[in-house]
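Residue numbers (the working numbering), protein chains in the order written: chain A, 402 to 755; chain B, 209 to 517.
Calculated directly from the structure, the hints in this document are not laboratory data.
Wrong hints could be hidden among the right ones.
[Claimed, not checked] With the Cβ distance kept under 8 angstroms, some of the chain A side facing chain B (calculated, not the full set):
#, residue
1, Y414
2, R415
3, F543
4, F667
5, I726
6, P734
Positions of the beta carbon are idealized from the N, C-alpha and C atoms, including for glycine.
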Amino acid sequence: MLYRENGQFKSNYRSDQQIFPILQDRIAMVALLALVLVIVPMTASPYLLTAIFIPFLILSLAALGLNILVGYCGQISLGTGAFMAVGAYAAYNVQTRIDGMPLIASLLLGGVASTAVGVLFGVPSLRIKGLYLAVATLAAQFFVDWACLRLGWVTNGSSSGSVSVAGLNVLGLPIESPVQKYLFALVFLAVFALLAKNLVRGAIGREWMAIRDMDVAAAVIGIRPVYAKLTAFAVSSFIVGVAGGLWGFIHLGSWEPAAFNIDRSFQLLFMVIIGGLGSIMGSFFGAAFIVVLPILLDGLPYWFGIPIDTALASHLTFMIFGALIVFFLIVEPHGIARLWSTAKEKLRLWPFPH
Amino acid sequence: MGFFLETLFGGLMVGMLYSLIALGFVLIYKASGVFNFAQGAMVLFAAMAMARFYEWIPKWFGFDNKILANVLAFAAAILVMIAVAWVIERLVLRHLVNQEHITLLMATLGIAYFLEGFGQTLFGSDIYKIDVGLPKDPVLVFESLFQGGILINKEDLYAAVIAAVLVALLALFFQKTATGRALRAVADDHQAAQSIGIPLGRIWIIVWSVAGFVALVAGVIWGSKLGVQFSLSLVALKALPVVILGGLTSVPGAIIGGLIIGVGEKLSEIYIGPKLGGGIEIWFAYVLALVFLLVRPQGLFGEKIIDRV
Numbered sequence: 402m403l404y405r406e407n408g409q410f411k412s413n414y415r416s417d418q419q420i421f422p423i424l425q426d427r428i429a430m431v432a433l434l435a436l437v438l439v440i441v442p443m444t445a446s447p448y449l450l451t452a453i454f455i456p457f458l459i460l461s462l463a464a465l466g467l468n469i470l471v472g473y474c475g476q477i478s479l480g481t482g483a484f485m486a487v488g489a490y491a492a493y494n495v496q497t498r499i500d501g502m503p504l505i506a507s508l509l510l511g512g513v514a515s516t517a518v519g520v521l522f523g524v525p526s527l528r529i530k531g532l533y534l535a536v537a538t539l540a541a542q543f544f545v546d547w548a549c550l551r552l553g554w555v556t557n558g559s560s561s562g563s564v565s566v567a568g569l570n571v572l573g574l575p576i577e578s579p580v581q582k583y584l585f586a587l588v589f590l591a592v593f594a595l596l597a598k599n600l601v602r603g604a605i606g607r608e609w610m611a612i613r614d615m616d617v618a619a620a621v622i623g624i625r626p627v628y629a630k631l632t633a634f635a636v637s638s639f640i641v642g643v644a645g646g647l648w649g650f651i652h653l654g655s656w657e658p659a660a661f662n663i664d665r666s667f668q669l670l671f672m673v674i675i676g677g678l679g680s681i682m683g684s685f686f687g688a689a690f691i692v693v694l695p696i697l698l699d700g701l702p703y704w705f706g707i708p709i710d711t712a713l714a715s716h717l718t719f720m721i722f723g724a725l726i727v728f729f730l731i732v733e734p735h736g737i738a739r740l741w742s743t744a745k746e747k748l749r750l751w752p753f754p755h
Numbered sequence: 209m210g211f212f213l214e215t216l217f218g219g220l221m222v223g224m225l226y227s228l229i230a231l232g233f234v235l236i237y238k239a240s241g242v243f244n245f246a247q248g249a250m251v252l253f254a255a256m257a258m259a260r261f262y263e264w265i266p267k268w269f270g271f272d273n274k275i276l277a278n279v280l281a282f283a284a285a286i287l288v289m290i291a292v293a294w295v296i297e298r299l300v301l302r303h304l305v306n307q308e309h310i311t312l313l314m315a316t317l318g319i320a321y322f323l324e325g326f327g328q329t330l331f332g333s334d335i336y337k338i339d340v341g342l343p344k345d346p347v348l349v350f351e352s353l354f355q356g357g358i359l360i361n362k363e364d365l366y367a368a369v370i371a372a373v374l375v376a377l378l379a380l381f382f383q384k385t386a387t388g389r390a391l392r393a394v395a396d397d398h399q400a401a402q403s404i405g406i407p408l409g410r411i412w413i414i415v416w417s418v419a420g421f422v423a424l425v426a427g428v429i430w431g432s433k434l435g436v437q438f439s440l441s442l443v444a445l446k447a448l449p450v451v452i453l454g455g456l457t458s459v460p461g462a463i464i465g466g467l468i469i470g471v472g473e474k475l476s477e478i479y480i481g482p483k484l485g486g487g488i489e490i491w492f493a494y495v496l497a498l499v500f501l502l503v504r505p506q507g508l509f510g511e512k513i514i515d516r517v
């Protein structure tokens with residue numbers, strides 16, 4: 402009843418092309434921004450912020466980057482963890498080796514380093530695809546894991562590859578308390594989500610989708626596969642690299658290569674599949690789902706008064722993830738995002754569907 | 209020279225074990241076009257079933273005979289793997305017929321996670337051991353040729369023999385039996401096979417069962433070497449470059465690829481590793497496979513794929 406577009410006429414191109422064409426969506430977006438910018442920092446407990454909100458924000462960013470590659474360009478990657486690691490370690494190197502480097506600049510430079518590595522390992526995609534490409538990206542995963550552990554100059558000489566950062570600040574404002582970290586990550590996520598949304602709406606995004614849907618047909622109508630694939634790798638690994646830097650700097654504070662191992666890559670891929678391939682919104686849904694589910698599984702039995710031990714809970718998490726992946730691939734290949742848009746379609750006619 | 213040969217033999221033995229796991233990949237890919245990422249989880253699951261039944265069966269029936277317990281546990285584990293194959297076909301594959309390769313690959317990732325969680329819920333998550341009586345002492349060979357001879361692990365030798373026997377059996381099964389012919393027909397062309405009355409669903413169950421059996425053998429050998437624990441499922445990640453190198457559709461390719469990777473890994477670790485900081489075993493196989501992909505995407509023995517990328 403409330404959610405419908407009757408009477409909202411578009412009289413110029415500008416209003417026709419906006420991201421949220423329906424007024425109610427824009428209002429909801431403003432309300433959401435107010436909620437996450439003002440109400441959450443004011444009310445949420447530090448535990449809630451550090452255990453749920455900050456990981457959710459940063460992993461959403463990483464999932465967003467991966468979604469560009471897998472969901473929009475159709476190139477599967479099992480090496481996301483590696484690109485995160487490159488971003489984190491490169492940002493760390495920039496931060497520690499150059500005195501007085503601004504935090505944001507080092508995070509972005511970490512993204513740039515990750516872009517370089519991503520494009521390098523994306524080159525095989527010009528010759529191979531599908532599961533062969535998956536193996537190529539796995540090569541990136543194992544190589545980067547090893548490099549972070551063994552090459553001294555990557556970790557600034559630390560023996561087991563564990564590094565830490567402290568005293569973060571932006572323009573003199575410290576990034577220390579959970580609320581500050583939360584807001585910092587949130588700003589990054591919001592900016593990159595907006596950029597990504599506009600990229601996939603634009604010419605380059607259409608090229609990616611054309612390559613994904615049918616590469617031969619795309620080449621016939623004049624899309625350069627080399628350019629499209631490599632830009633997808635570049636943009637994706639840039640965002641993933643920045644997310645890696647945030648994960649290390651903001652969420653962990655001190656980390657070692659195991660924080661970005663192959664499990665992280667799978668986790669991110671699962672987020673993208675469950676959330677929705679080829680959907681910006683889906684990355685958020687997927688990240689929220691995968692961050693919250695294990696915590697819920699840990700907590701739920703306690704609230705009902707039937708405590709299960711943590712080992713069983715973690716096995717159950719594995720089983721539920723696995724089953725959900727299969728379930729979504731069979732029943733709803735477009736993930737939670739499609740369920741959301743179906744719900745919105747229904748809502749437009751509600752309560753009089755005929 | 210002696211040291212070099214020792215490394216070489218060590219590599220060949222490890223390579224044989226890799227090819228055992230790679231074989232599981234190739235079997236399923238050939239017959240159903242699914243790249244089964246869950247092979248590693250199946251190895252873990254099978255090994256766990258074997259290890260636990262070995263503990264449980266004597267307790268249930270109250271006897272104390274090691275050989276009998278091993279045989280019964282092996283049989284029980286085979287039954288479990290057949291059940292797994294049946295469930296996978298029923299619940300997953302049946303609903304994903306004619307989907308893209310990538311979708312199927314991701315589905316097997318889901319299966320892998322499920323099996324890992326389910327296996328540990330069912331069988332517990334401690335480290336178990338499998339003891340099928342493989343001798344563990346090393347032997348010296350070629351003592352007359354070199355000073356000091358070459359040290360070979362007897363267990364590896366037996367494992368290599370078992371792997372070779374298994375490959376021969378599979379080759380016979382594929383070439384000489386009616387079921388094997390049906391499997392090859394399905395591998396060639398799903399629709400044509402279906403149109404002459406080959407039941408696709410049953411064939412898939414058979415293939416996944418055979419892959420489960422191969423996983424069980426691999427799991428028993430690896431399990432008696434390393435102990436049955438979660439890291440067993442990661443061994444399968446080592447077998448990925450093997451299949452890429454050997455070609456996804458070729459059984460001999462899996463063997464040769466495994467040997468190449470095994471030898472290459474050991475030799476590079478000894479001769480190149482120290483210059484790069486050591487531990488290059490982890491990625492060497494992958495980078496080798498990656499370089500190989502750029503030159504010959506179908507692998508050493510794979511069928512040529514005519515495909516625009």
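Taking the hints in turn, this is what the structure says about them:
Given the 8 angstroms rule on beta carbons, the hint for Y414/A is violated: about 37 angstroms separates it from the nearest Cβ of chain B. For R415/A, the shortest C-beta to C-beta distance to chain B is roughly 38 angstroms, which exceeds 8 angstroms, and the interface hint is violated. Interface hint at F543/A: satisfied, since its Cβ lies 4 angstroms from the closest Cβ of chain B, which is below the 8 angstroms cut-off. Interface restraint check: F667/A against chain B, minimum CB-CB distance 7 angstroms, threshold 8 angstroms, status holds.
Here the hint on I726/A is kept, as its CB sits about 3 angstroms from the closest CB of chain B, short of 8 angstroms. Using the Cβ-Cβ criterion of 8 angstroms, the hint placing P734/A at the interface with chain B is satisfied: the shortest such distance is roughly 7 angstroms.
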